[in-house]
Each structure stands twice: as C-alpha cells, then as structure tokens.
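Novice: Going line by line, the protein sequences match chains X and Z. Under my numbering, think of the first position of the first sequence as 1, with each following residue one higher. Under my numbering, think of the first position of the second sequence as 270, with each following residue one higher.
Hints should not be assumed to be uniformly reliable.
[What the hints assert, rightly or not] Below are the DSS-like pairs computed for lysine-lysine, each with C-alpha atoms no more than 27 angstroms apart in a straight line:
| hint | chain 1 | residue 1 | chain 2 | residue 2 |
| --- | --- | --- | --- | --- |
| 1 | Z | Lys280 | X | Lys177 |
| 2 | Z | Lys310 | Z | Lys280 |
| 3 | Z | Lys289 | X | Lys177 |
| 4 | Z | Lys310 | X | Lys177 |
| 5 | Z | Lys310 | Z | Lys289 |
No wet-lab data here; the hints were simulated from the structure.
Here is what each chain is made of, one letter per residue.
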Amino acid sequence: MGTNSGLDGYGSRPSIDVERAAGSGSGSFSGEGAGAGIRVGVVTFPGSLDDRDAARAVRMVGAEAVPLWHGTHDLEGVDAIILPGGFSYGDYLRAGAIASLSPIMAEVVDAAESGVPVLGICNGFQMLTEAHLLPGGLIRNDHGAFICRDQRLRVENTSTAWSNAFADGAEITIPLKNGEGGFIASADEIARLEGEGHVVFRYLEVNPNGSMNDIAGITNARGNVVGLMPHPEHAVEPGFGPDTRAAMRSGTDGLALFASALTALLARA
Amino acid sequence: MPTIVVEVMPKAELLDPQGKAVAGALARLGRSQINGVRVGKRFEIEVDGPADDAILAEVAALADEVLANLVIEDVISVHFAGADGFGLDASLDFATGNVTSDTSAAAAGATSTETAQQLDDEISEGLA
C-alpha cells in the first residue's frame with residue numbers, strides 16, 4: 001500500500017494494480033468463463049487484509065473483480081459486493097464497528113436491501129452484523145486465544161446467493177483465522193435462524209470459538225446477504241489451500257461460494 | 270467544558286472471555302477470594318455547551334447506536350463526570366486522576382485539591 005497517500009483514512013484510493021499483484025488468475029475451476037461480464041466489488045477498508053485474496057477468488061471463477069474504496073460513496077455499478085477479512089480500524093471499539101459506519105457502507109446497505117448479493121468474510125461478517133444487515137454479533141473466542149486452522153464445515157442452506165453451487169449438506173474444509181469469532185444472539189434469534197433455515201455454514205468436529213449452535217455463517221431472509229467467519233478465498237487454488245486426502249494444500253472448497261454468486265446473478269438476469 | 274461518561278458492559282448472560290482471562294491471572298497471584306471479573310468500557314466524551322438533559326439524551330442515543338452494540342453489550346450508565354461520586358465536576362475528576370485522558374497532573378506530581386473528608390462525602394452521596 002505504499003502508494004496510499006490518504007493516511008487520514010478517507011483520502012484517495014490507493015492505486016492497486018490488481019492483475020499484476022495477483023498474477024495471471026488462471027485456475028482449475030471448471031466453470032471458468034461462466035462469469036464473463038459479471039463484476040464483483042471488493043471493498044478495501046483501513047486494515048483490510050484479504051481484499052486481494054477475495055479479488056483473486058472472484059477472477060478464478062471468471063468474473064471481474066472491482067476494487068472499491070471505503071471512503072467513497074461509489075459502488076461503480078458492481079453486480080455483487082464482498083466485504084473482506086482483516087482488522088479494519090484495528091478492531092477498535094468493536095470488531096467491524098467503525099468500518100460499518102464508513103461512507104461506502106451506506107451504499108452497501110442500500111444495495112443489500114435491493115437484493116444485490118453481499119458476502120462478508122470474517123471481519124466483513126462482523127461489519128454486516130454491526131450494520132444490522134445480519135442478526136446476532138461476534139464476540140471474543142470463548143477460549144480467549146486467536147485461532148488459525150483448516151476448519152471442516154457443513155453447508156446447511158444451499159439456496160443463498162453465496163451457497164447455491166454446493167450440494168445439499170456438502171461437507172467442506174476451508175481455513176479459519178479469528179480472535180473474535182464467537183457467534184452469539186438471543187435465544188429467540190437463534191431459534192428463528194434455525195427455524196427459518198438461515199444458518200448457512202456450521203462448524204463440524206470442533207467448535208473453534210464458542211459460537212452458539214456451532215454457527216459459522218448465516219444469511220438474511222432474502223438469501224442475498226451471507227456472512228461467515230471462515231475464509232473461502234483462501235481455498236480456491238491448488239497449491240495454496242488446505243490439505244486434502246489427495247494432496248497437500250490442494251483444497252479448493254471455497255471456489256463454490258464465489259461461483260454461487262455468478263449463478264445467482266445469471267439466474268436473475 | 271462538560272464531560273459525559275458512558276459505561277458499557279458485555280451482556281451479563283454472555284460469556285466475557287476477557288474478564289475470564291483477567292480473573293485467571295488474579296487467581297494465579299493468589300487472590301483466591303476473587304471469583305469473577307467482567308471487563309467493560311468507559312467513554313469520556315467532551316461536549317460544548319451547557320450540561321443539560323438535552324445533551325445527555327443525545328449522547329445516550331449515540332451510546333445505543335454506536336458506542337455499544339446492544340446485541341452483545343448493555344449501556345450501564347450515561348452521566349456527567351462528577352455525578353458518580355468521583356468528584357464534583359470534570360476538572361476535579363482530572364485533578365483526582367479519576368479521568369485518565371489528562372496525564373499532566375500525574376506527571377507534575379499534583380495532588381487533589383479536595384480534602385479526604387470532601388471526597389468521602391461525595392462518595393457517600395454518589396452511593397446514596
């Protein structure tokens with residue numbers, strides 16, 4: 001980010017040469033090309049870490065990744081939006097709280113309410129709860145420590161904009177890394193989430209952070225907004241994903257999340 | 270300039286991992302009589318204008334919307350500095366060290382201008 005002169009946080013957007021930074025973007029996903037013409041925005045906040053990884057994942061399913069800047073009110077006409085992981089504003093106040101008040105979040109909230117697919121990963125999930133686009137909240141892990149592991153999940157709802165490319169009940173492994181990933185909500189809210197099928201991803205084998213009902217990710221009533229703590233963008237390319245039985249670091253279970261958005265958008269078009 | 274104090278705590282029914290970690294550390298120091306710690310936040314907000322109910326209500330609304338996330342936290346108190354038994358007003362709070370953003374008093378070795386009796390009276394008023 002050496003080119004970012006906007007140190008006051010709302011300054012000019014740093015110039016990011018996305019293509020060069022992320023390499024060729026060629027991947028093994030069989031649906032490559034299906035996303036031609038679809039533009040997915042990835043918002044960078046001060047302290048975002050995984051914005052480029054998310055943009056790369058978007059390109060690997062054949063869509064165009066559009067870098068967006070938190071300090072503007074411009075979504076640049078994108079078809080879908082990703083709020084990436086990281087530690088926006090150093091987790092000050094509460095994780096995601098200050099970022100959820102960023103200028104661009106007004107447009108993100110409007111877009112989400114009009115049905116645009118919005119995905120929040122980790123810190124992005126925390127922002128979605130702080131912006132009240134998703135219910136509940138995320139608190140410090142119950143064991144008090146940061147945790148980083150390849151996490152097994154079950155896909156509980158395959159009808160959302162970000163999970164429709166999974167088979168019903170699919171079990172996947174993608175990396176998880178957080179300090180404040182404990183999902184909590186009131187008993188009524190938990191019952192409603194479970195009753196209406198709004199739990200999208202559930203932790204399997206290990207509950208890594210004390211989340212209620214082993215909840216790893218949820219959606220809104222419309223199914224266009226999804227937030228999850230684990231990081232699908234870190235499991236999209238052989239050689240850089242979680243280990244699988246077949247080979248080390250060969251896991252690409254995260255790709256289907258990004259492919260899902262394309263399916264959702266093409267179905268709508 | 271009036272200072273408004275906002276206190277926020279994690280919801281009582283939720284686990285407070287930070288408090289649990291602090292309680293564990295105290296226990297390791299041999300403080301076995303301490304069996305629970307909860308950690309919250311105190312905001313000290315300086316405002317312009319008179320110290321009246323209107324500004325208090327405005328800050329209370331901000332506390333609910335921004336300073337706290339009511340899904341996971343409760344706003345415990347919104348009050349003018351000095352109204353909680355820790356001093357007569359904000360400037361005295363600074364002098365007694367109860368307000369911590371001003372470090373000049375501590376650096377200069379300044380002591381409170383209040384007598385111990387005055388302080389005791391205020392504390393009992395605050396508790397009353």
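Novice: Quick check: which numbered hints come out false for this structure?
Specialist: Nothing - there is no hint that the structure violates, so all of them hold.
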